[in-house]
Amino acid sequence: MIRNLYVVYGMIVLGTLAMAEYRGWSLNSVNEVKNVPRSVRDNPGSYRSVYSGYHHYTGGK
Amino acid sequence: MSTSGPNPPGTPQVKALNCPGCGAAITLRSFSQAVTVVCDHCHSILDAQDPQLTILQKFKAAVGEDAPLIPLGTRGTIRGTPYEAVGFQRRTIHVDGMPYSWREYVLFNPFKGFRYLTEYNGHWNDTSILRSLPTVNDNMSPATVTYLGETYRLFQSTKAGTSFVLGEFPWQVRVGEASDVSDYIHPPRVISSERNGNEITWSMGEYMAGRDVWKAFRLPGNPPDAIGVYENQPSPLSADTTALWLAFVGFLVALVVMFIAFESFARNERVFQGFYSFNTNVRGEASFVTEAFALKGRTSDLELTTTSDVNNNWIYLNYALINQDTGQAYDFGREVSYYRGYDSDGSWTEGGHTDRVAIPSVPPGNYYLRVEPESDFGHGTIAYAISAKRDVPQASYFGIALLALLVPAGLITWRSLSFEHLRWAESDYAPAGSGDEDSDNAGRPTGLGIFGKGSDS
Amino acid sequence: MTQPTANCPNCGAKIVFRWSSSVQTVCEYCKSILVRTDIDLKKVGQVADLPPNSSPIQIGTEGIYNRQAFMAVGRIIYEYELGTWNEWHLVLNNGSAWLSDAQDEYVVTFAAPGRKLPAECRVGQHYTWDNETYTVTTITKAHYRGVEGELPFQYWDKQDVVFVDLMSTNGKFATVDYSDDTPVLYLGQSVEFEELKLKNLRSFQGWS
Chain S
1 MIRNLYVVYG MIVLGTLAMA EYRGWSLNSV NEVKNVPRSV RDNPGSYRSV YSGYHHYTGG
61 K
Chain P
1 MSTSGPNPPG TPQVKALNCP GCGAAITLRS FSQAVTVVCD HCHSILDAQD PQLTILQKFK
61 AAVGEDAPLI PLGTRGTIRG TPYEAVGFQR RTIHVDGMPY SWREYVLFNP FKGFRYLTEY
121 NGHWNDTSIL RSLPTVNDNM SPATVTYLGE TYRLFQSTKA GTSFVLGEFP WQVRVGEASD
181 VSDYIHPPRV ISSERNGNEI TWSMGEYMAG RDVWKAFRLP GNPPDAIGVY ENQPSPLSAD
241 TTALWLAFVG FLVALVVMFI AFESFARNER VFQGFYSFNT NVRGEASFVT EAFALKGRTS
301 DLELTTTSDV NNNWIYLNYA LINQDTGQAY DFGREVSYYR GYDSDGSWTE GGHTDRVAIP
361 SVPPGNYYLR VEPESDFGHG TIAYAISAKR DVPQASYFGI ALLALLVPAG LITWRSLSFE
421 HLRWAESDYA PAGSGDEDSD NAGRPTGLGI FGKGSDS
Chain X
1 MTQPTANCPN CGAKIVFRWS SSVQTVCEYC KSILVRTDID LKKVGQVADL PPNSSPIQIG
61 TEGIYNRQAF MAVGRIIYEY ELGTWNEWHL VLNNGSAWLS DAQDEYVVTF AAPGRKLPAE
121 CRVGQHYTWD NETYTVTTIT KAHYRGVEGE LPFQYWDKQD VVFVDLMSTN GKFATVDYSD
181 DTPVLYLGQS VEFEELKLKN LRSFQGWS
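Those protein sequence lines, which keep their order, are chains S, P and X. Numbering-wise (the working numbering), the first sequence opens with residue 1 and increments by one. Numbering-wise (the working numbering), the second sequence opens with residue 1 and increments by one. Numbering-wise (the working numbering), the third sequence opens with residue 1 and increments by one.
Quick caveat, the hints were computed from the structure, so don't treat them as lab data. Take these hints with a grain of salt, some might be off.
Restraint-style ranges between C-beta atoms, simulated for each label pair [what the hints assert, rightly or not]:
(1) P51(X) - P220(P): 52 to 60 angstroms
(2) G97(P) - Y9(S): 23 to 31 angstroms
(3) A425(P) - V7(S): 57 to 65 angstroms
(4) N170(X) - P142(P): 21 to 29 angstroms
DSBU-like cross-link-like pairs, simulated, lysine-lysine; straight-line CA separation at most 30 angstroms [said to hold, decoys possible]:
(5) K34(S) - K60(P)
(6) K197(X) - K58(P)
(7) K215(P) - K197(X)
(8) K159(P) - K141(X)
(9) K34(S) - K389(P)
(10) K159(P) - K60(P)
Think of the CB as a built atom: it goes at the ideal place given N, C-alpha and C, for glycine as much as any other residue.
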């Protein structure tokens, strides 16, 4: 009984793994932005990113 | 076809008689099957086959003897057959001078005969006499018996005596007499041998939960709580750990195969590489875009690697991967920082020169990167490189999957092992590595040796 | 099927034989033990009152054993130290057998002549008959306590007799009957009540 539950569970784990590897899932968080205009190619500064103004550094010890 | 003649044998009646010792009323519920019957007033054991009910033994009942949990005369259904509780006894063993007792109930059905229920610490067993001999394997140590293809392992061997009796018994019962009892387990079953003189009676019990007994006899209230783990109590997880680990090995093999397959078939294609330097002494717009590159194949990840030679410094890159045709963008930021120094413990480093990130599920198409670097002002020029690889299998996921498969199997096995440890703690014959081998903990009641003396014809 | 009939030489009542090979029967009315000779019935004794007995089987009970139908036509009641048990004489299509009922534990056995039997036994010894190994489980000293119905031999008024019971690991059962000068072996097996599919049983007060 437990063995059968485990087998089902294991198949789900492997199935998820296969999907993740095949479709290129990632654990990283990435923001998707839509409809970026072509003008960005010519004027990169016009693109406003969520991540700009990042002031962070890992200090020393 | 009816029975013979003018005087057919009458329908057997439940008999009501008087105790020759004290005159109290005695009921014989098992018709003429009982061999002994006990008067519960004066505690005389009477010969039930003798019309005069000759007194065989008189015993002193200890004060405060608990009444049977199933009152005599109660009817219940076991395995589809109705039975009536007709007898009760308490049996005691002594371990290191300490008495341990269990209780036994004699059940009767006029067609099917006798059955027994034993109870110890809230654990119950449905027991009946074996009609076939088990095979004793005494060449093994500890001994085992085989019955109907299953092997039962010796759990306990004790001398059990009857300490209190009530009601009717299909054999001779005497308070004080002891016999050698051995229990062999194969949870949820147990086979008991009871030796009297040179005769051995074999019986088999099947573990029963208290609430099933209460249901069968429709008893009021609640059954006593089960304490500890009983010798033949079935393991709650019913974990066949061998089967579990076999399944794990199967999954491991599948995992390795998948790993090899993904590694072999992935494109792992370098689609872009660029070398840049960032002047931190200059203010102003630092963002730029790279040339376009094509991402081919199915929707898969894009692994972006940022390397920089920062020394006690950091650089942060604001990235956007933009699809030239659809305008879809993936926005994220990555940092590369590296610090080192000396202190009282010696030299230390923190951070690294390389950062890798996988952008998920990027559909094929033409893309370019918009990059905006950031760092502390006035620290000179930082050189960095960006490269991108299409369709890179993420090895860490395989590690996660391995853990996900390992942990439940490990937990279940651990639980099962601790349960078995508790079970064998009560036995003198624990297998090596479980239970206490120190006989200090030995000899808790096994609870199945039922029979005083004698058996069937 | 014609059943032989006769009249009781003691009281004149009609006796019907359910089994044509019965050697002895008991007149239901006057309890005389009657033995068949070539010509008629001869009274040889009287049955004392039968002890109270709670076997669910009675004369006329029918059942199935090994896919053969049987009927109980007679019995012997044995008494031993701890009480009594019944040996019911069963009649099947092709012979007779015995159904032992001891505290509702049932064993069916058939006479097995021509096997090597020990002069004496001890508990725990092993013997092999018909490729099955048996172990002696009990040795009982018993005596006849009463008879009823039709029996395949003459049986009344016997002394204490030794019975040796043996069991095997396959549910088979054997009994050696030391009543006569030559011991007699019966081989058979333990059966569960349901397996016999008994009909026409006794009823018990309070049990449906």
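Exercise. Give me the numbers of the hints this structure contradicts, sorted from smallest to largest.
Key: The structure conflicts with hints 1, 2, 3, 5, 6, although it agrees with all the remaining ones.
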